[in-house]
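Novice: Protein chains in written order, with the numbering used here: chain R, 1 to 308; chain Z, 309 to 658; chain B, 659 to 1175; chain S, 1176 to 1487; chain W, 1488 to 1854.
The set of hints was computed from the structure by calculation and includes no laboratory data. One or more of the hints may lead you astray.
Examples of chain S residues toward chain B, derived with CB under 10 Å [said to hold, decoys possible]:
#, residue
1, L1230
2, R1250
3, E1251
4, G1255
5, S1257
6, G1268
7, I1271
8, N1341
9, T1425
10, G1428
11, Q1432
12, D1444
13, P1447
14, L1449
15, V1452
Each computed DSS-like pair below joins lysine-lysine, with the alpha-carbon atoms no more than 25 Å apart [said to hold, decoys possible]:
#, chain 1, residue 1, chain 2, residue 2
16, W, K1512, W, K1596
17, Z, K443, Z, K416
18, Z, K652, Z, K620
19, R, K216, W, K1629
20, W, K1521, S, K1484
21, Z, K416, Z, K396
22, W, K1591, W, K1636
23, W, K1703, R, K216
24, S, K1484, R, K203
25, W, K1636, R, K216
26, W, K1521, R, K203
27, W, K1636, W, K1703
28, W, K1512, W, K1591
29, R, K216, W, K1596
30, Z, K323, Z, K449
31, R, K216, S, K1484
The beta carbon of each residue, even a glycine, is placed where N, CA and C say it ideally should be.
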Amino acid sequence: MTRYIIRRLLQFIPVILISTLIVYALVFAIPGDPIRALAGDRPMSDAVRETLREQYNLDDPFLVQYFKYIWGIITALDFGSTFNGRPVTDIIEQRLPVTATLALVTFVIQTIMGIIAGILAALYRDRFFDRFVQVSTVAMVALPTLVIGFLLQLIFGLNLGWFPIAGVNNGLSSYILPALTMAAVSTGILARLVRSELLDSLKSDYVRTATAKGMKRTRVITRHGLRNSLIPAVTFIGADLASMMAGSIIVETIFNLPGLGQQVFASIQGQEGTVVVGIVTLFVLFFVVINLIVDLLYGLLDPRIRYE
Amino acid sequence: MSLSAPAAADPFAEKKSVLEVDGLVKHFPITQGIVFQRKVGAVKAVDGVSFNLREGETLGIVGESGCGKSTLAKLLMRLEEPDAGTVKFRGEDFLSVKGDELRRLRRKIQIIFQDPYTSLNPRMSVGDIIAEPFKLHPEEKPKQGIRNRVKELLDLVGLNPEHINRYPHQFSGGQRQRIGIARGLALNPDVIICDEPVSALDVSVQAQVMNLLDDLQKEFGLSYIFIAHDLSVVRHISDRVGVMYLGKLAELGTQDEIYTAPAHPYTQALLSAVPLPDPTMRGAREQIVLQGDPPNPANPPSGCRFRTRCWKATEICATQEPELISRGQITQLAACHHAEQNEKVVPAHD
Amino acid sequence: ACGGGDNGGAGNGEAAEGVEGGGTVSAYNCEPQFLVPANSTEVCGSWVLGSLFTGLTQTDFDTYEPTAGVAESWDTEDNVTWTFTLGEDWTFHDGEEITAQTFVDTYNWAVDPDNAQQSANFFDNFLGYQEVVDGDAEEMEGVRAVDDYTLEIELTEPFSPLPDMLTYTAFYPMPSVAYDDIEAFEQAPVGNGRYMMDGEWEHDQQISVNRYEDWAGENPGLPERIEWMIYADVDTAYLDVQAGNLDILDAAPPNRRTTVEADFGDNAQDFDTSAFTYLGFPLYQEEFQDADVRHALSMAIDRQLIIDNIFDGAQTPAENIIPPDLIAGNENTCEFCQYDPEAAAELYEEAGGPDELTVYFNSGAGHEDWVEAVANQWRDNLGIEDITFESLEFAQYLGLHDEQEITGPYRLGWTLSYPSAQYAMEPIYSTGASSNYADYSSEEFDDLISQANAETDPDTAAELYTDAEAILLEDMPVIPMWFTNYQVVHSDRIDGESLFMDQATFTRLEQVVVTEE
Amino acid sequence: MSEIHRPEARVEPIDSTLEPAGEPAKTKKVEEASLLADAWRSLRRNPWFIISGVLLVLFLSMAIFPQLFTSTDPRECLLGRSRQAPSAEHWFGTDIQGCDYYSRVIHGARNSIAVGFIVAIGTFIIAVVLGLVAGYFGSWVDAVISRFTDMVFAVPYILGALVFLNVLESRGVREVAFVLIIFMWPTMTRLMRGSVISVVNSEFVLAARALGAGPITIMRRHILPNSLGPVIGYATVFTGIIIGAEATLTFLGVGLQLPAISWGLQLSDAQPFLQTVPHLLLFPVIFVGLTVFAFMTMGDAIRDALDPKSKK
Amino acid sequence: MTESQTSTRFTPGTRPGDAPLLEVKDLQVEFRTKAGVAKAINGLNFTLHAGETLAILGESGSGKSVTAQTIMGILDMPPGRIAGGEIRYRGDDLLTMEEDSRRKLRGVKIAMIFQDALSSLNPVLPVGWQIAEMFRVHRGLKRKEARAKAVEMMQRVGIPGAEERAGDFPHQFSGGMRQRIMIAMAIALDPDVLIADEPTTALDVTVQAQVMRLLKDLQTEFNMGLILITHDLGVVADVADKIAVMYSGRVMEAADVYETYGRPGHPYTQGLLASIPRIDDEGGRLRAISGLPPSLTDMPPGCPFNPRCEFATDRCTTERPELRLVAEGHLSACHYAEDVYAGTATRTRRPSPTGAGMIAISQEAPE
Ligand SMILES: Nc1ncnc2c1ncn2[C@@H]1O[C@H](COP(=O)(O)OP(=O)(O)OP(=O)(O)O)[C@@H](O)[C@H]1O
Ligand SMILES: Nc1ncnc2c1ncn2[C@@H]1O[C@H](COP(=O)(O)OP(=O)(O)OP(=O)(O)O)[C@@H](O)[C@H]1O
Ligand SMILES: [Mg+2]
Ligand SMILES: [Mg+2]
């Protein structure tokens, strides 16, 4: 078991190396000269361009660039810098808390809401609440994130004034609307997953036993049924946490949260390989940790699952 | 029936062994802690079991609940990997074969699971469940067509062939058990390991099933390992009987030896506790009531494992582990320093 | 407006000030790329730098003529050698005095290739620029401090718009601390402008400046404090202005046009700007070399219809190339910019224009709709059935241009960095110019521009520029589409009368009057 | 060593001894049943299945034969009638370019449904195969697959899309679908793996192994049907998510290229006009919603049908 | 004993003055299946008094577990459906009771041991927790106390190393141990009525004896009524007070335990008793009742046992025999019950030599 964890931790190394390589390659593969784009309509002089290209190793072949980058990290913990000279570590330091908070709030919202909604939908199967969950999931999926975000801003930010419309200046409440936006689709999916898994497990004998023990229906469901149905939910939540970055790109933009998503998107567009890779490395680390946790949770949720 | 009849000569002495089991061991780790689990010990589920099973023979296995019978069965099927020991099927090392070879051998050894419900795929109809062996081993495809054969099998085990399209959850416990039996029989294997195959059946159906097993054996020279708690059933069907206690064989002998003259105190206690289907005998029989709690398989007593509950235990039992051997007069093998045949404990009707 | 607004934060003692001026203004901004003057090429940074710095000259926004900045006056005989007399009271925010040497140092630093300043090539007509770039010289010969307060600039050729050009961000002076650690400097630039940094640049969040009370210029800034709130999305900023969390959004998103009235009523102002959008032709492709083809394509576009329906009127149809508000700007209409589908069809037919077109534009910048509308009009009016689109990321898009791989009309835009007709034309249309993506070349035009640049009399120069423009409108290397009309929306705290956006699309925050605290 | 095979006799005789004698076994015709056949039978009687089926058929025919639903040319656009509200002439009003929106939405079905379908099916297949293999074999196979999944996860799909779609010559349905598949399979794969892991230790799997079933058979017959539930549930919603992702790509400038017509493009175009011209958003949203609804309901019905216990 | 033949109520062993603890009247349960409605229970009647042990014997699939589930109110509905009848606990009809009050009885007053111990235990919760839950929820004990109680219960049912193993999960226990855990859970709160559905099938005889002793003790201590569903006729003989024999969803015979074993009043019971393998019997063929039970979806008219009955006549195929008193405290549902009871019934058919069906005995071959 402990060995299992150690082995998993060791697996991080190739994963991170390879995925940074992939990402680096992808950024490298974007056609067009990033330095050229920096200046906009009015081109900069060749001399300046040369200097900049050299400064960012852009004239080196791809692998050389990559190794220079990795070498910088290994020897000097230098994660590179943006084209406007900000060290990537600075950017991460500044933006990570924002994205982390956003992810955390989203996670809390969607987990709690999703699971509760799923439980209620299963409890009241085919009744109003169940249909409501179904229909709102459809609506959430059909409405583009941008629209959901905008509607939330309009309703809760502008008209009701409950939450700030944008920015991060109001502490946690700044994150409520963006988190809701980001959680919208996942909450629906989660609720449906929980619902159907619960319904499945409600058919099982041990749930019958719990009933026969005289437990209240809610207890039967939450204590006996739920645990057995959580594996897909936990997987989904884990995967969703991992893919939150894609979501954060848009949400951070609409809600003007200076987080990593925003940055990564800007850097992708600006072809700032080092920044993208730096941030993505962070995300890879995050994913592998999350996935490790998820796998460990499997064992917790279902003791029949053994780790070799 | 004469209780004192000398143990009959072993009728299978000439027969070849189909299954040779030597020193099988399986320990399950006991862990503590939630994320960083530590191993704090091991349940010694099977702890050095050896026997051989011969062609056409039925070996009954009885023993205390939790003494490792099902684990033994799973080990024999290679559904659990043993920690030590060997299993030979017709002289071939069964534990080292892989892939197709393993699959080929598995066709010859079948198991009927103790738990009739969890061992049936809830999403397969009974027809599919019983037909599965034929699908897996196309060379065994019955002449009359798989479906007809499945119906026959259902009928054989006393299930209504019309229920071929039902799903396991639609059956009663005994009916499910018979589905498992039908599946085990389908391929006409050489060895069937029956883990409590008839425990959930009413006596009439049980009689049918046992007759069936009997017939099959006569017809094809099948061998059975028959694990059960109902000692009458075991006696009825077995040629030899092994008594297990805490992961080890306590006694092994012919059915006659064991039932008429048990030598191991545990066997004696077991036999004395058999309830007889006769209310008038209530309380009339003398039972050997074992003192104390069954020991913890994670931490079995030193020496003889039974000594903590044994009325005969002496010093030596605590220090020296008795081997499974035949001692002096006693023809069967008994793992007891004080093995002594005792005929009085054997229950008798009237 | 009391809901959750936490503007200012610092002690609010301004109420006592009474008269005009004072108060805090919060304004929308995007995240600047750079805050080093010679390195800043985009709006977000330039806007901030404009408050932090004052160059040798400034623009008079009434006339778009250059007025005194650090230089009190200037003089030239031949448009080649210019003498600037500096004011003597100018200091940087950290107290460092500004002398002619300050400018010499700054300019030399800016062109030094090691410093890789993106705007370095604005100096390319300074004498000695090329040598510095080539590494043959340390300093530009053409920039000289005659004495503490006399600066001499010598150019390689006559260039009348120099005082206009010097208003541009790239020519702001920098204090000596900048050279020690330019990165640290960038986080909190020390300038000589109306406003000084309050704290550091909070990336992606805000930049705050306070009024610099020792500013030596004529008309100091009115608001006591300006806070640029950095937004990633304009729509969000729009809502924040609506909610009273933000005072000024300089460019309401175009799709809001129809609701601005309802959302803001009087709190919205329209401004014409020099932001020019055009559809260029790759003249290196054969099928576009016939001017008639270009004329026909231009005449087949109903600009007003597109502006009305796609932009809700947020553009002014371009019938010229020089923004009309400039000195040289005029209303003279462009013959081939008039919508005339029949004539266009005929002309196109005659000229044998291509029957399939690929239209290029950069993606993700909101050009899809109007480009599609143009294409629809071409299809309807000219019968070009097969029109496809190629949209690319900007970097790639420019790459295609550099490689001359564009095969059809392309969208580009041009905003004037300094208000001069020269700048509206020369970089784009003169032979071999840096932004001449159309590969246009006309000797006549080049001559006229040179003449105008050499002309010392502003009025004559303006005429010459107008003549040059006429050639462009006739040759039509690009189809002028429109000048963007910006709509500035603001909160109730701002006096709408005082709002003004200049040609370069900068809202002049220093003139804003805060009415309510 | 020689096989000890018993004589042929073994096939038959059991019945001869134990044949149900007396009354001839009732030869009631019992239909052949398997999980799938049963599932199909119960599906046919499930009204929700019918409803969703009809909807899907409707959308599919819309995708294949848009002419059946509208005779208006979706490309006939008159800027002069831009953004008109729904009217008798233009049921769904007109869009920014002044095209008939009804006809646009109908014609949008093809690309959107194609992308949604291809991606959903593609990811589903990848997920099921990889999830099964990883969950079943565990140990290093799982490690390799799972780590590989992590890596793909780590690459923001937007980055991938930007790169691939920019490099590719054209950006049609195939290209967009391809990129989405490449970057979107990990979630579903993990879901599948998770549910495989939770059934792989079941006793009936042991039973199948004891019968001599190989990994493929076990996976296919025993694990797959018992672990598909969550994935089906997710995949059906996923179709909608894909249509949304297509819109996002468009928003980022790398989606389907003009002059293609798709719901994603429409959603993306309509966003700025949410307040002023809501019908531009409303209609594609309704269509996407109905598609998602149909898929979801169908998924539920299939899931139910695949569970013998839930048969009513 | 009161004469209540009018209703087919079965009341042997009634102690005058005792109100019955549990009364099942004319219970009917059906399942919907593809092939039609399967009538699993067709008019079932029995009564249980405090302190009494009622053994329900019967054909596998005759509806014993369904009956138990129906009493507990945990039948899956659908596909199950209660088509009629009453189940009275101390006079209150459970079937019409509010769900909430019924729930309060479950586990506390009426408890059940399930037949299928592995699937009936929650695989993801430690067994100790599952037992402790009873104390925590119904007795309001604290976590610690409840756990201690749970361990105590595990010890009582003879699980070795209970203290350490309380935290283990069901799959880590052997079949018999799981069964004992189920038992521990069911008797945790000393219920009034305990329904034990094959509680000892997976137990060896020593443990079985121990468990049965435990149940007996509880019974005397708390005057518990025990419904023992089992196939083990040995156990029944040892512990039951009265016996109901079920076949095809109805009670065929009901009597005192001595009566049933000594003088069965129904051919099915006779057949059953004859099938028992004897411990002192070495081998040979066992006598089984030939044939299959009728399909529940299309029940033959008349006596459900008639196709398999040695004594069946034409009457048996047309007329359904009701449960009636044949002797003091002895009920049977056979037209010829008296004859069977007295051992004078005439055999009309005998089992086919294949052991499957029945063959009519020809006129000239009198038995
Ligand atoms: N997966 C496992 N993990 C830990 N312990 C286990 C596991 N499987 C079985 N055991 C332990 O091994 C011992 C033997 O179990 P096994 O199932 O073989 O008993 P058994 O003889 O079949 O008993 P029964 O007659 O009750 O079925 C028991 O103590 C059991 O708790
Ligand atoms: N869900 C169901 N659908 C259809 N038939 C069912 C269902 N559940 C049970 N049955 C049928 O009801 C009958 C009674 O089942 P029950 O489980 O009560 O039998 P039992 O008497 O407990 O048998 P056993 O001794 O084998 O456990 C059986 O014939 C069974 O096939
Ligand atoms: Mg077992
Ligand atoms: Mg049962």
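Novice: Now, for every hint given, state plainly whether the structure supports it.
Specialist: Evaluation of the provided hints:
1. L1230: violated (31 Å)
2. R1250: Nearest chain B Cβ about 8 Å off; hint holds.
3. E1251: holds (9 Å)
4. G1255: The hint holds - S/G1255 has a Cβ within 10 Å of chain B, the shortest such distance being about 6 Å.
5. S1257: This hint holds: S/S1257 lies near chain B, its Cβ roughly 4 Å from the closest one there, short of 10 Å.
6. G1268: violated (14 Å)
7. I1271: holds (5 Å)
8. N1341: holds (6 Å)
9. T1425: holds (9 Å)
10. G1428: holds (3 Å)
11. Q1432: It holds, given that the least Cβ distance between S/Q1432 and chain B is near 6 Å, below 10 Å.
12. D1444: Holds - the Cβ of S/D1444 comes within 10 Å of chain B, reaching about 7 Å at its closest.
13. P1447: holds (3 Å)
14. L1449: holds (9 Å)
15. V1452: It holds, given that the least Cβ distance between S/V1452 and chain B is near 9 Å, below 10 Å.
16. W/K1512 to W/K1596: holds (20 Å)
17. Z/K443 to Z/K416: holds (15 Å)
18. Z/K652 to Z/K620: holds (16 Å)
19. R/K216 to W/K1629: Satisfied, since the Cα-Cα distance of roughly 18 Å is no more than 25 Å.
20. W/K1521 to S/K1484: Roughly 12 Å separates the two Cα atoms, so the pair holds.
21. Z/K416 to Z/K396: Given that 25 Å is the threshold and the Cα spacing comes to 13 Å, the pair holds.
22. W/K1591 to W/K1636: holds (21 Å)
23. W/K1703 to R/K216: violated (30 Å)
24. S/K1484 to R/K203: holds (7 Å)
25. W/K1636 to R/K216: Cα-Cα ~21 Å, so holds.
26. W/K1521 to R/K203: Between W/K1521 and R/K203 the Cα gap is close to 19 Å, so the pair holds against 25 Å.
27. W/K1636 to W/K1703: holds (20 Å)
28. W/K1512 to W/K1591: Holds, at about 22 Å.
29. R/K216 to W/K1596: Distance ~15 Å between R/K216 and W/K1596 Cα, so the pair holds.
30. Z/K323 to Z/K449: violated (29 Å)
31. R/K216 to S/K1484: Measuring from Cα to Cα gives roughly 23 Å; hence the hint holds.
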